[in-house]
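Just so we're aligned, residue 1 is where the sequence shown starts under full-length UniProt numbering, counting upward by one.
FYI, nobody ran anything at the bench for these hints, they're computed from the structure.
In this text the structure is predicted, and so the values were computed from the model without any measurement.
Just to be clear, a hint being listed does not mean it is correct.
Unchecked claim - Result set (SDA-like, lysine to any residue): computed pairs, CA atoms no more than 25 Å apart in a straight line:
1) Lys445 to Val335
2) Lys94 to Leu360
3) Lys445 to Ala431
4) Lys131 to Phe311
5) Lys282 to Gly272
6) Lys94 to Asp118
7) Lys308 to Gln428
8) Lys349 to Asp302
9) Lys308 to Arg409
10) Lys349 to Asp331
11) Lys308 to Lys282
12) Lys349 to Ser367
13) Lys131 to Ser367
14) Lys131 to Glu252
15) Lys349 to Val444
16) Lys190 to Ala236
17) Lys349 to Leu360
18) Lys159 to Ile171
19) Lys308 to Glu273
20) Lys445 to Glu290
21) Lys131 to Val335
22) Lys282 to Glu125
23) Lys349 to Thr207
24) Lys94 to Ser367
25) Lys159 to Gly277
26) Lys190 to Lys94
27) Lys445 to Glu252
28) Lys94 to Phe386
29) Lys94 to Ala122
30) Lys282 to Thr207
31) Lys159 to Gly272
32) Lys131 to Gly277
To be verified - Label-pair distances were calculated between CB atoms; the ranges are:
33) Gly188 to Ala461: 53 to 59 Å
34) Asp450 to Arg287: 54 to 60 Å
35) Ala129 to Leu449: 47 to 53 Å
36) Ala439 to Arg287: 33 to 39 Å
The beta carbon of each residue, even a glycine, is placed where N, CA and C say it ideally should be.
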Amino acid sequence: MSWFWTVFTILEIVWVAGLSAWIVLERRPPVATIAWILTLAWLPAVGVVVYYFLGPRRLTRRKLKRAQAQKLVDAAIAAIEDEADDKSRGELAKLAVSAGEAAPLRAERIDLYTEGRDCLAAQLEAIAAAKHHVHVSYYIWYPDHVGTRFRDALVAKAKQGVEVRLLLDWIGAYSTTSRFLAPLVEAGGKIAWFNPVSLTRLRPRYTNFRTHRKIVVCDGLVGFTGGMNISDEQTAEWHGDRAWRDTHVRIEGSAVRALQRVFIEDWSYACGETPNGPEYLKRATARGEELVQIVASGPDADVYAIHKLIFASIASAHERVLITTPYFVPDEPIVSAMVTAAMRGIDVKVIVPAAGDSMLVDLAARSYFPELLAAGVRIYEYLPRFVHAKTIVIDRDLAIVGSANMDNRSFRLNFEVCAAVYGGQFAQRLAAVFEDDLAECREVKARQLDREPLVQRLGEATARLFSPML
Numbered sequence: 001m002s003w004f005w006t007v008f009t010i011l012e013i014v015w016v017a018g019l020s021a022w023i024v025l026e027r028r029p030p031v032a033t034i035a036w037i038l039t040l041a042w043l044p045a046v047g048v049v050v051y052y053f054l055g056p057r058r059l060t061r062r063k064l065k066r067a068q069a070q071k072l073v074d075a076a077i078a079a080i081e082d083e084a085d086d087k088s089r090g091e092l093a094k095l096a097v098s099a100g101e102a103a104p105l106r107a108e109r110i111d112l113y114t115e116g117r118d119c120l121a122a123q124l125e126a127i128a129a130a131k132h133h134v135h136v137s138y139y140i141w142y143p144d145h146v147g148t149r150f151r152d153a154l155v156a157k158a159k160q161g162v163e164v165r166l167l168l169d170w171i172g173a174y175s176t177t178s179r180f181l182a183p184l185v186e187a188g189g190k191i192a193w194f195n196p197v198s199l200t201r202l203r204p205r206y207t208n209f210r211t212h213r214k215i216v217v218c219d220g221l222v223g224f225t226g227g228m229n230i231s232d233e234q235t236a237e238w239h240g241d242r243a244w245r246d247t248h249v250r251i252e253g254s255a256v257r258a259l260q261r262v263f264i265e266d267w268s269y270a271c272g273e274t275p276n277g278p279e280y281l282k283r284a285t286a287r288g289e290e291l292v293q294i295v296a297s298g299p300d301a302d303v304y305a306i307h308k309l310i311f312a313s314i315a316s317a318h319e320r321v322l323i324t325t326p327y328f329v330p331d332e333p334i335v336s337a338m339v340t341a342a343m344r345g346i347d348v349k350v351i352v353p354a355a356g357d358s359m360l361v362d363l364a365a366r367s368y369f370p371e372l373l374a375a376g377v378r379i380y381e382y383l384p385r386f387v388h389a390k391t392i393v394i395d396r397d398l399a400i401v402g403s404a405n406m407d408n409r410s411f412r413l414n415f416e417v418c419a420a421v422y423g424g425q426f427a428q429r430l431a432a433v434f435e436d437d438l439a440e441c442r443e444v445k446a447r448q449l450d451r452e453p454l455v456q457r458l459g460e461a462t463a464r465l466f467s468p469m470l
C-alpha cells in the first residue's frame, strides 16, 4: 500500500499548490489568503465546497443603461468643490468620488432615529404621502407584525396606481414567502429577489454576495437608510425592553438622488428593469443646509469605497473617533488606523454589544481588544439590549450612519450603503446619542482580559482565524 500513500501525497501536493496559486492570484489580504489555503489544505473535500460557495470575492454585474445616474457620476467631480466647504472633509469626499460614488449633495432635512417604532412610523408616513413611486430594499424582512404592516402600506399605494418596487435579499428574507407577498403582486407592485439560488437559476458561487442595504425612497426626494430591518425585534411595540438599539436616518432633498441611484443599480441587476426618467432623480427646489454623501460598496467594485472612507476618516481625525457597531471584526488597516489615532492622543471609543447574536463573532471581536486597549482605545459593552447601530462620529463635523458593520463581510462581500453627513449639527446630534449609550455601558479593562482562562483565550484566537470570512 506504500504506492497508494505516495500517489496520495503527490496528488495532495499538486492539489494544494494549484489551489494556492489560484487563491494568491486573487490578491486577497495576506491573512485571508493564508486562511483559505490552510482550509483547503487541511480539509480538502469540505474546503472545496466551502470555497465554491463562500470563496469568490468579486461579482460581475450587468452593465446598466441609466443616463441619469451616469450623469450624476460625471457631475460629481465638478460639484464637489462647490459642495464641500471644509478642506479636510472635502478630501474625504473626493476619496469616495474617486471610488465611483456621488459627491456630497444638499439635504433640506435629516432626521435621526434611535428607536424602531419611531422610524417605522416615519417610513409609513412617507410611503402614505408618495405620489409617483416607492422603492424599498431590505436584507431582512420577516412576515411578522411589522413586516405585515409594511407590506400592507405598500399594497395600499400600489392600489392607488403608485409604482411600488420591493427588492429583498434571497438569504436575509428567506422566511418571506410568495404567499405573504401575493397581495402586493396582485395590487400591481413589483418584487425582485437579490441573488436567488434555485434549481432553475443556479448561481451557487454568488451565494455569498448579499445585499445588506436598507433603503426606502419615496418620489425621489425622501429617503431612509441605516441599520434597521423590517422585523418585530426592531420595535418596543412587540419586543418591549428587548427591542434592538439601532440607528436610522431620514433624508429629504437632492441628496436622495444618490440613494435612488443605489437602488436603481440593484434593481436593474436583480430583474433587468431600469427605472428611467426625471421623476426618479429629482433636484430639490430649496437649497438645503446639510451636506450628505451616499457611499455604497460591494464585491462588484474595483475599490471598496466604504472601507476606504472609514479608514481615511479615522486616520484624519484630530479630536475624537466614536464608533458603534454590533459586529466588530476589523481588518488590519482599520485596526492600524485606530491604534495610530489613539497613540496620537485622539479620543477613540468603541461601543459593542455586551452579548451579541453570534458566539463566533463575539469571540473574534474580543481577540482584538488587547492590542486596541494597549494603544489607548477605549472599548465599551452596551448592557441593556442588543445594539445593532452602525455609526461613526469623527471630530465634530463628520457623522456616518449606514448598514455596514466593522467586519470583512461588510467591507468586501456584502453590498452596503452609508450616509456620510458633513457638518457640525448632525455630528453633534449623533455624538449625543453615543454619550447616552455610553452611560449604559461597562468599560472593558485590560486587567479583565488578563484574567481570562486559557480556554477562553484559545477560543478567541481560533475565532480570529475565521475573521476574513466573518
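**Asked** Where does the structure disagree with the numbered hints, that is, which hint numbers, in rising order?
**Response** The structure conflicts with hints 2, 4, 6, 8, 11, 13, 16, 18, 19, 20, 21, 23, 24, 26, 27, 28, 29, 30, although it agrees with all the remaining ones.
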